[in-house]
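Input sequences plus hints: build the corresponding full structure.
Those protein sequences? They're chains R and U, same order as listed.
Positions 76 to 346 (the working numbering) are the ones given, in order, by the first sequence.
Positions 43 to 265 (the working numbering) are the ones given, in order, by the second sequence.
No incorrect hints appear here.
Below 27 Å or equal to it, Euclidean Cα-Cα: the simulated DSS-like pairs (lysine-lysine) are: (1) Lys-106/U - Lys-100/R; (2) Lys-223/U - Lys-169/U; (3) Lys-98/R - Lys-106/U.
So the derived label-pair ranges between C-beta atoms look like this: (4) Thr-101/U - Lys-98/R: 25 to 31 Å; (5) Pro-134/U - Glu-324/R: 49 to 55 Å; (6) Ala-228/U - Gly-333/R: 50 to 56 Å; (7) Gly-159/U - Lys-98/R: 34 to 40 Å.
Among chain R residues calculated to face chain U with C-beta under 8 Å, some are: (8) Asp-169; (9) Ser-200; (10) Asn-203; (11) Gln-206; (12) Arg-207; (13) Asn-210; (14) Ala-211; (15) Ser-213; (16) Arg-247; (17) Phe-251; (18) Asn-252.
Derived by calculation from the structure, the hints in this document are not laboratory data.
The C-beta atom is built at its ideal place from N, Cα and C for all residues, glycine as well.
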Amino acid sequence: MGILFIFLSSVNFVYADQESLLKDKNGDQTVSILAFGDSLTYGIGDGLAPGAVVEEPSRESSPGGYPKRLQTLLGVKVTNSGVPGEQLVADGSDRFVRALRSSSADIALIMAGSNDANLQVSLSSYRNSLQRVINAASALGRLPVLLTIPPPGGNKLPLRPFTDSFTREQERAAFFNQLPLADIARAFKTTCKNINNCELLNLPEGLHPNSLGYDVMAQTVSATLYGIDIFSENGATDLAVALGVSPSEIKVLPDLAGVTKSAALSELGNY
Amino acid sequence: MKFLIPLVSLSLVFICGCGSGGGDGGGSRGSARTGARVLNTAIDLPPVSLSTSAKVGETISTVKFAEATGFAELPEGEQTISVQSVDGASGPFKFSVSIQNQDRPQILVYGLRETNGINATLLEFKKLEIPDGFAAVRIAHGAAGAATIQGSVGVSELPAVVSFGSASKYLFVATGTTLVKLTRSADSKVITNQQVQVDNRKAYTFVVSGELDYLVIGSLLED
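In structure tokens:
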């Protein structure tokens, strides 16, 4: 004989054709997020406005960056697990498992690679480390969401080929593992007036986003988590409705011609 | 224009009080009478796909790391089954098999891309005769960082160490809740200490996936 249980499980935000990723995977009645990464997750360079001359942003700040904004935008707990200077292939992947085990987060946002690019680690090592953290997150019952890296500019422009390579690895990993991708690199490319000296970065330092850059990152991640294509014609409007803000507050620009979509992704589409 | 539609969902859950009771010990069994399953234990490997020469051009199953899947259906007869990572970088690993009489082969994919590479083993898959009151459990070792492991299932000790990339012989254990204890042979480091539920006259593979000192996952799968 069957017993019928009825309970209120969750509030799901559903769009006409896409569904939010903000779901309670572990059944603890809340949705929470772990934001994992390096100084770009921690929020180094936050609090500085576009136009300020920044040779080297202070590392004395408290955590901020896109995770803090994301928490405000989405109204869910977002834990900042960014460690400045950390490489994914060295300590990052080990710390990732420890951070997940000590967290009840449903979603693991993963943005790592700037320091690996800086030290020019091999692409295969980066690829394998990225796959390790993806597999660890999935095996521990969390949804991994990959974030690409903001393209460096200014004094760090020489790092661009390396970060571009790692961004392609993140795109490949998202494709082969069928995971959501928050394409921060693409958002910077569509939104920056001059990608080589982008006003979303602290300049001339050129690696860490400024306040505007972290706004763009948070909005891009929010759109991904809501299942919104922020680069589409209606992306900004859809995101504004989802967030309950004015469309003029959305700073990410669309990619109407599709010119900044990665060539790697186009190739993978034919896989 | 898309609209945000907040939906308050009501979930209806029916719990059936009939049946034999007890769980399946974490196992999952596909409906296919003859089929194959991949045990993807490699922590730095993307999902792997399974295909057969009997269904050319078709992927019959895709399996993520440590994922507990059922058996993907295979036709009876001689065929070559192949396993390859979805990015094409590891494999294909090919095995010639003759499938008949409810045979259900399992392929253990193991290793680390970063160090010694990925490999695959076809595990023995002939149907067992299991005495009443017992279940059959074997250990499949895919945890990198331990050349061999040893241990016990319930009161039965594994008769020999299990090498990385292989499976033990089946042990007959009393049905009900039982404890799987596994250690690394080299230094007795504990790999898992996990209680599982085994049912009467059923066969299981307990697979250990991942890498010691990083992440090890133990899963009991019904064969």
